[in-house]
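Asker: Listed here are the chains, written in short residue letters.
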Amino acid sequence: MNNFMFLLKLTENDKRMILMFVLLIIAALSLLILLALLIEKIGKSQAKRIDTLMHDVVVTGVVDSKKKFIRIALKKSKIYFYRHARIPMLILFCWGIATLVFCLTYPGATFAGLYTDYEKYGLATIFTIYDLENPIMTDFFGWFKIVTGYGDPISTPHFSVDALFAYISIPVFFVGGIWLLIDIQGMLARTIRTFRLANKIYSKTLDNVKYNSLANVRYHDNAIVIEEPQKEEKK
Amino acid sequence: MKVIKGFLKGLLYVILSPLIIVGFALYAVYSLFVFIWEFIVASIKFFSGKKLTTELKEDKMVKQLVEEKDKEYQLQKEKEQAQAEITPQPTSNTTINNFYITPDQLPINQSQNIPSIENNNVQAIENKEILEIEEQIGGDENE
Chain A
1 MNNFMFLLKL TENDKRMILM FVLLIIAALS LLILLALLIE KIGKSQAKRI DTLMHDVVVT
61 GVVDSKKKFI RIALKKSKIY FYRHARIPML ILFCWGIATL VFCLTYPGAT FAGLYTDYEK
121 YGLATIFTIY DLENPIMTDF FGWFKIVTGY GDPISTPHFS VDALFAYISI PVFFVGGIWL
181 LIDIQGMLAR TIRTFRLANK IYSKTLDNVK YNSLANVRYH DNAIVIEEPQ KEEKK
Chain B
236 MKVIKGFLKG LLYVILSPLI IVGFALYAVY SLFVFIWEFI VASIKFFSGK KLTTELKEDK
296 MVKQLVEEKD KEYQLQKEKE QAQAEITPQP TSNTTINNFY ITPDQLPINQ SQNIPSIENN
356 NVQAIENKEI LEIEEQIGGD ENE
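Protein chains in written order, with this note's numbering: chain A, 1 to 235; chain B, 236 to 378.
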């Protein structure tokens with residue numbers, strides 16, 4: 001009971017803090033939701049490529065079964081992925097070789113240090129770095145302690161000649177990596193659409209079929225004749 | 236309603252995002268193996284003078300089918316044109332050896348046996364009969 005009495009003791013400042021906190025959570029959630037929906041939309045448009053690849057062989061009847069459709073569509077999708085992923089893979093390959101050479105030649109350099117070193121050769125030289133191991137902790141309404149700030153920065157942004165390799169290679173890595181991820185997402189989207197299309201195009205349904213026993217009855221030469229339906233030749 | 240549905244769908248994606256990320260990471264590893272395999276296949280094809288394209292043998296079958304259909308269509312067209320040239324065009328004029336005669340110019344003499352000329356049946360008439368008809372026409376005009 002005493003724990004809930006604090007609500008009556010909230011100052012205006014406390015109420016503003018709670019409101020800001022809630023709004024921050026809502027904003028972060030909304031951003032994530034929009035990002036997820038954007039990724040879904042891009043995936044749907046990438047998946048349409050399989051329609052272009054498979055249109056002619058389906059319409060002309062060359063592909064006449066679900067199994068064949070899936071086999072050929074997946075093969076084409078993989079070849080399409082390979083042809084589009086060559087450039088980002090080449091970028092990442094060159095980046096990998098260059099990073100390996102740099103780490104072997106620069107004294108004391110590590111792969112993680114390319115990102116985190118704030119003194120000489122890392123990308124962190126151009127950011128403000130705080131002492132994350134010793135934050136300022138504050139009580140949250142007497143329940144627990146939360147991080148409310150950090151002390152003075154241990155490094156301010158400065159340009160370092162030794163870090164030139166990090167300044168160039170890390171953006172190149174991100175460009176190549178994101179490009180490759182988009183291509184991988186495209187292949188995944190095409191795979192999902194392949195299975196959906198295979199079920200849709202080659203499935204048979206009796207929903208609109210109505211059996212009518214009088215459909216084959218004919219009046220011929222003053223007699224009622226029941227014609228047998230023509231049997232289809234098996235392929 | 237659409238906005239709410241979209242929002243809820245997005246929320247579901249955010250909640251399931253750890254599973255989706257794990258699944259995507261596994262698929263990314265698989266796609267790297269796919270890339271390596273296709274690279275090997277492309278290299279082999281390159282050194283044997285071919286190219287790795289999305290045009291498979293089924294697409295070549297489609298091209299063949301389309302070419303055959305084109306040829307059939309061309310042959311059909313040529314046949315129809317040839318047929319049109321051979322068949323004569325029927326006329327609707329009444330002619331007697333290249334002289335056009337209106338019905339009122341024909342002699343109305345029931346005793347005479349004037350050959351009937353049908354539109355599509357141009358019958359040859361003897362010169363003697365033509366002279367007789369000309370004389371009769373000339374006589375009527377004089378009257």
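One should not assume that every hint holds.
Derived lysine-lysine pairs resembling BS3-like cross-links, with alpha carbons at most 27 Å apart [what the hints assert, rightly or not]:
| no. | chain 1 | residue 1 | chain 2 | residue 2 |
| --- | --- | --- | --- | --- |
| 1 | A | Lys68 | B | Lys237 |
| 2 | A | Lys78 | B | Lys286 |
| 3 | B | Lys237 | A | Lys48 |
| 4 | A | Lys78 | B | Lys304 |
| 5 | B | Lys304 | B | Lys292 |
| 6 | A | Lys200 | B | Lys298 |
Sample of chain B residues lacking proximity to chain A, with all beta carbon distances greater than 12 Å (derived) [unchecked claim]:
| no. | residue |
| --- | --- |
| 7 | Ser252 |
| 8 | Gly284 |
| 9 | Glu307 |
| 10 | Gln311 |
| 11 | Glu315 |
The hints are simulated quantities; they were obtained by calculation from the structure and are not laboratory data. Idealized CB from N, CA, C, for every residue including glycine.
Asker: Indicate, hint by hint, whether the structure satisfies it.
Answerer: Against the structure, the hints:
no.: 1; hint: A:Lys68 with B:Lys237; in the structure: violated (37 Å)
no.: 2; hint: A:Lys78 with B:Lys286; in the structure: holds (15 Å)
no.: 3; hint: B:Lys237 with A:Lys48; in the structure: holds (23 Å)
no.: 4; hint: A:Lys78 with B:Lys304; in the structure: violated (31 Å)
no.: 5; hint: B:Lys304 with B:Lys292; in the structure: holds (19 Å)
no.: 6; hint: A:Lys200 with B:Lys298; in the structure: holds (26 Å)
no.: 7; hint: Ser252; in the structure: violated (7 Å)
no.: 8; hint: Gly284; in the structure: holds (18 Å)
no.: 9; hint: Glu307; in the structure: holds (15 Å)
no.: 10; hint: Gln311; in the structure: holds (20 Å)
no.: 11; hint: Glu315; in the structure: holds (25 Å)
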